[in-house]
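Kindly generate the complete structure, drawing on both the sequences and the hints.
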Amino acid sequence: MELILFIITALVALVSAFMVITRRTPIASVLYLVLTFFCLAVLYVMLGAQFIAAMQIVVYAGAIMVLFLFVLMLLSQRGAQTWEVAGPMRKWLGFAAAGGVLLVAATALQSVGVSDTVLDPEIGTVSSVGSALFRRFLLPFEVASVLLLGAIIGVVAMVKRKPYPSETEEGVEHGS
Amino acid sequence: MIDWVILAASAVKMLIMIAIVMGIAIILTWVERKQSAVMQDRIGANRADILGLRIIGLFQPFADAIKMITKEDFIPPFSNKFLHTLAPVITFFAVLVVFAVIPLGPPLEIAGRTISMQIADINIGLLFILAFGGLAVYGVVLAGWSSNNKYTLLAAVRGSAQMISYEVCLGLSLIGAIMIYGTLDMTDMVLQQSGYWFGWIPRWGIIMQPLGALLFLPAAIAENKRVPFDLPECESEILGYHMEYSGLRAGMFMFAEFIEIIFIAALFTVIFLGGWQIPYLYWDGFHWPWGGMWYLPFWFVKTLEFLALFGKIAFMIYFMILVRWTLPRFRYDQLMRLGWKYLLPLGVLNLAVTGVVLVIIGRI
Amino acid sequence: MTFNPSDILTIVPEIAVVALAMLVILTELLITRRETVLQLMTVAGLLVVMALAVLTFDKAGGAFNGMTAGDGLSTFMKALLAGIALLAVLMSRDYLTPPTDAGGEGRGVRHGEYYGMLLIATCGMMILVSATDLVTVFLGIETTSIALYVLAGIRSERARSGEAALKYFLLGAFATGFLLYGMALLYGATGGKTNLTEIGRAITDLGPDRPVYLYMGAGLVMIGLMFKVAAVPFHFWAPDVYQGSPTPVTAFMSAGPKAAALTALIRVFAGALPDLSAAWGPALWVVAALTMTLGNIVAISQKDIKRMLAYSSIAHAGYLLVGALAAANTGTYNSATAGIMFYLTAYYLMNIGAFTIAILVSRARENGDYQIDDYKGMAALHPWTSAAMALFMISLAGIPPTAGFFGKLYVFSAAVKAGYISLVVIAVLNSALSVFYYLRIVVYMYMQPEVKPARVRMAPAMALVIVICALGILKFGLLPGDLMRWADRSASMTVKPSPRAAVALNDHDQ
Chain D
0 MELILFIITA
10 LVALVSAFMV
20 ITRRTPIASV
30 LYLVLTFFCL
40 AVLYVMLGAQ
50 FIAAMQIVVY
60 AGAIMVLFLF
70 VLMLLSQRGA
80 QTWEVAGPMR
90 KWLGFAAAGG
100 VLLVAATALQ
110 SVGVSDTVLD
120 PEIGTVSSVG
130 SALFRRFLLP
140 FEVASVLLLG
150 AIIGVVAMVK
160 RKPYPSETEE
170 GVEHGS
Chain C
0 MIDWVILAAS
10 AVKMLIMIAI
20 VMGIAIILTW
30 VERKQSAVMQ
40 DRIGANRADI
50 LGLRIIGLFQ
60 PFADAIKMIT
70 KEDFIPPFSN
80 KFLHTLAPVI
90 TFFAVLVVFA
100 VIPLGPPLEI
110 AGRTISMQIA
120 DINIGLLFIL
130 AFGGLAVYGV
140 VLAGWSSNNK
150 YTLLAAVRGS
160 AQMISYEVCL
170 GLSLIGAIMI
180 YGTLDMTDMV
190 LQQSGYWFGW
200 IPRWGIIMQP
210 LGALLFLPAA
220 IAENKRVPFD
230 LPECESEILG
240 YHMEYSGLRA
250 GMFMFAEFIE
260 IIFIAALFTV
270 IFLGGWQIPY
280 LYWDGFHWPW
290 GGMWYLPFWF
300 VKTLEFLALF
310 GKIAFMIYFM
320 ILVRWTLPRF
330 RYDQLMRLGW
340 KYLLPLGVLN
350 LAVTGVVLVI
360 IGRI
Chain B
0 MTFNPSDILT
10 IVPEIAVVAL
20 AMLVILTELL
30 ITRRETVLQL
40 MTVAGLLVVM
50 ALAVLTFDKA
60 GGAFNGMTAG
70 DGLSTFMKAL
80 LAGIALLAVL
90 MSRDYLTPPT
100 DAGGEGRGVR
110 HGEYYGMLLI
120 ATCGMMILVS
130 ATDLVTVFLG
140 IETTSIALYV
150 LAGIRSERAR
160 SGEAALKYFL
170 LGAFATGFLL
180 YGMALLYGAT
190 GGKTNLTEIG
200 RAITDLGPDR
210 PVYLYMGAGL
220 VMIGLMFKVA
230 AVPFHFWAPD
240 VYQGSPTPVT
250 AFMSAGPKAA
260 ALTALIRVFA
270 GALPDLSAAW
280 GPALWVVAAL
290 TMTLGNIVAI
300 SQKDIKRMLA
310 YSSIAHAGYL
320 LVGALAAANT
330 GTYNSATAGI
340 MFYLTAYYLM
350 NIGAFTIAIL
360 VSRARENGDY
370 QIDDYKGMAA
380 LHPWTSAAMA
390 LFMISLAGIP
400 PTAGFFGKLY
410 VFSAAVKAGY
420 ISLVVIAVLN
430 SALSVFYYLR
440 IVVYMYMQPE
450 VKPARVRMAP
460 AMALVIVICA
470 LGILKFGLLP
480 GDLMRWADRS
490 ASMTVKPSPR
500 AAVALNDHDQ
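Protein chains in written order, with numbering that gives the first Met the number 0: chain D, 0 to 175; chain C, 0 to 363; chain B, 0 to 509.
Just so you know, these hints were derived from the structure itself, not from any lab. Cβ atoms here follow ideal geometry from the backbone N, Cα and C, with glycine treated the same way. Heads up, some of the hints might be wrong.
[To be verified] Result set (DSBU-like, lysine-lysine): computed pairs, CA atoms no more than 30 Å apart in a straight line:
hint, chain 1, residue 1, chain 2, residue 2
1, B, K166, B, K302
2, C, K66, C, K33
3, B, K474, D, K159
4, B, K474, B, K416
5, C, K33, C, K80
6, C, K149, C, K66
7, C, K80, C, K12
8, C, K149, D, K159
9, C, K66, C, K80
10, B, K166, D, K90
11, D, K159, C, K340
12, C, K12, C, K301
[Stated by the list, open to error] Here are the simulated distance ranges between beta carbons:
hint, chain 1, residue 1, chain 2, residue 2, range
13, C, V37, D, R23, 49 to 57 Å
14, B, L8, C, G181, 27 to 35 Å
15, C, W282, B, G190, 50 to 58 Å
16, C, Q39, D, I122, 52 to 60 Å
17, C, W339, D, I51, 27 to 35 Å
18, D, R23, B, A172, 20 to 28 Å
19, D, E1, B, L8, 43 to 51 Å
The following block contains the structure:
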């Protein structure tokens, strides 16, 4: 039962991931990526990591990918535009990069092999994730808030145009 | 095998849940029309009849349904047919699937086994709701985009911005309650709301988290895109994201909205109104705070609890319909300002105060 | 595994920096005469941070379950980073508000946000220098990088600035990807360890039978860190980003992140992966040699002083990598690390000084350019400024009696002791090469007829920066003892590589 579910989910994840990179319209790519994330969430549930699974959907499928769609729709009203078709050089570079990643992952997996260690079933629950976050990883957790604060302020600082009302004189393009 | 028993129980629960939700939603379409009529000093829908039998227009939903199903289902040319078909399905799925973790009543003990009244008794219940509730925005975005229409696209952009913005407030308004209950499991949340302060104030969520409850409602209504937050839809003037839908597909969007009303009411009831709890009612009857008792049989207590849950849900549904026919629509900038400049900071404040209080009283 | 309140002592400087950042941003909203107040506030705050960093010196070892360390290396670096931010803030105000009639850049930037981002970058670097866990290393790098992407592009109306930000962001994101992938592999290879010391122990326990992907992980982490240090062949972003960014940001960027990433490099490679030094030692050797050679050769042909200083900063990264290589050796760990600390202090003073004068000269030009030709004959008009610039150039070239000379001396002598003699020979040859382009500016200023006189308008804050830098260089050049003693003491109180490393590292000089 679980094996069947795993095979189906993994196959869908792989196929949709492949579709992400082969579709011509960006919106289709994004939607396939959402599907991939869903399959990953299912795999997380099967590993007992319920919290991570929920976060996968809340954060990736529910927030980040929506923003992707949002930006794509704002950029192109018709949405009919396609990716620029990559030249052979870039295609081969892409293949090489993907091959490299695959090689590293394969080497890593091959030397790990199949392990039948039984994981603690509590490992993925909210309370165990929470106590790991707030005990062992307390400092990284807090630092992450500084990181996000910096990102927020930074976005506002870059996007907001006119500085103070009194100084709205546009900076003239100098020397470039 | 034990698996099959659980599977069967789940299937039965699912069927019951869908039947109840659909049933209420159908009636809601009528309630909404009638309530608007009452508030606008009209009579409202009263013409649909079967063999001359009208019963204050209660057959109206059936007439509506027949009309909707038999209408031409038109897919605009040059639109993305697959996504155009998919969008209402996603919307419908997203609002239905979250009912899986809403408890329909207290856990029952039958034949020595505790049967939870949730379809899926998972320990991340509330996260599940936030996760799948957040997917409803795909319905809006895809519907607007795939219709190949400038106005629907604009409405979709408007709608997705609104839904993303208010999703933040929605989550934030619930975290205070989660901190107090210390659980994400919906049944546990209800159980946490038993007990009394000073022996007589029931410890419901709305009393422990008044600000949280106050923030939850507007955020939830905005998520549901209803007046006063109905900018993505705007039935009357500025054209909504589902303008290019007709027939059953349009009906699915409308129906999803009614189902979401029920869902919000149920969620509010479970988190803030003590679920199925009735003040002073224990397993053997009422224990009044001024002393004295009123014995009741066990089955009667359980029935009362089920009724209390549904009564509270009905009250919240009615409240939301009242809001819908009372308030005017926000302007877009007002909507964004309310979300980001008022609700969000208040949500953070609520969180901070809750945390400080919990530390002071030594719960953390 | 629990929270120990006294751990907070080790991150007091970070907390203070973040608090200061928020305070500055909020103050900007509330007051009217913003520029001066904000700058004074930031400067005062950074002085406090510096004092805090020095006061928490040698207070504690590891904290927060081994996530961070309050050891000598990190406290020294924190004080240094606060100093870098301090001078960058001092030189920023006049850059951001140029005289109305003159050419110049920087109009249209909110000062509070600018200082805020600068401070958040500083906080990220402070976290990075004290990180003793892969998680904190990563977060420190990211916090720094994101703030720097924004700072590079904060003048978004200017095409160069936007280009710099975008280039930096895209390449930085790639580097982060490498870094994370490498960390994931290390995590897997060591059986789920993120703490640097634990990783070192786990690798030792693995014995000679190490999985291939452990090496891959180390390699990818190295690539990620090399990018942040701007070492060849991961330096492509540096010249364009340095040229396009607002100049105070360039000055900050060339000193701060380099120091932080280098410290992380020492901590990760000497602290966690000494057992693998047979693999990464030669790689680092080649990278160091390439970095200084390429940086110096390309710097010679530059016409733009910002680009020249960018390539010079690449070259200096190469010299510092020689020190990092020596630091990975147990026997010379102390002297090499102390040498690096001294070098970084000297480099920061001379580099920021040079950039400050570059701003002044560019402000005197109506087109706001940074041409090296602008320096021709400057000495006749501005003897003091020219003298300061000459001092910075001499120090950058590493000629005694300046701080730059002693920095190189300490680093190279540690490397010689560690056995990297041929690398040091390359480094010394490179230093000789660099004299050419550094002294060219001095020659231009003193021995060329002025073509178009650059009327430099000195601003008090700028003058202060130049004076601080010049005095610092002279002080550490004439009497390097104090700083060296402090650096030595800091280095001796650091988590060191295990003795086993000495065996593995012994003499594989190529």
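How the hints compare with the structure:
no.	hint	in the structure
1	B/K166 - B/K302	holds, 22 Å
2	C/K66 - C/K33	holds, 19 Å
3	B/K474 - D/K159	violated, 44 Å
4	B/K474 - B/K416	holds, 27 Å
5	C/K33 - C/K80	violated, 36 Å
6	C/K149 - C/K66	holds, 28 Å
7	C/K80 - C/K12	violated, 34 Å
8	C/K149 - D/K159	holds, 27 Å
9	C/K66 - C/K80	holds, 23 Å
10	B/K166 - D/K90	holds, 21 Å
11	D/K159 - C/K340	holds, 17 Å
12	C/K12 - C/K301	holds, 18 Å
13	C/V37 - D/R23: 49 to 57 Å	holds, 54 Å
14	B/L8 - C/G181: 27 to 35 Å	holds, 31 Å
15	C/W282 - B/G190: 50 to 58 Å	holds, 51 Å
16	C/Q39 - D/I122: 52 to 60 Å	holds, 57 Å
17	C/W339 - D/I51: 27 to 35 Å	holds, 29 Å
18	D/R23 - B/A172: 20 to 28 Å	holds, 25 Å
19	D/E1 - B/L8: 43 to 51 Å	holds, 49 Å
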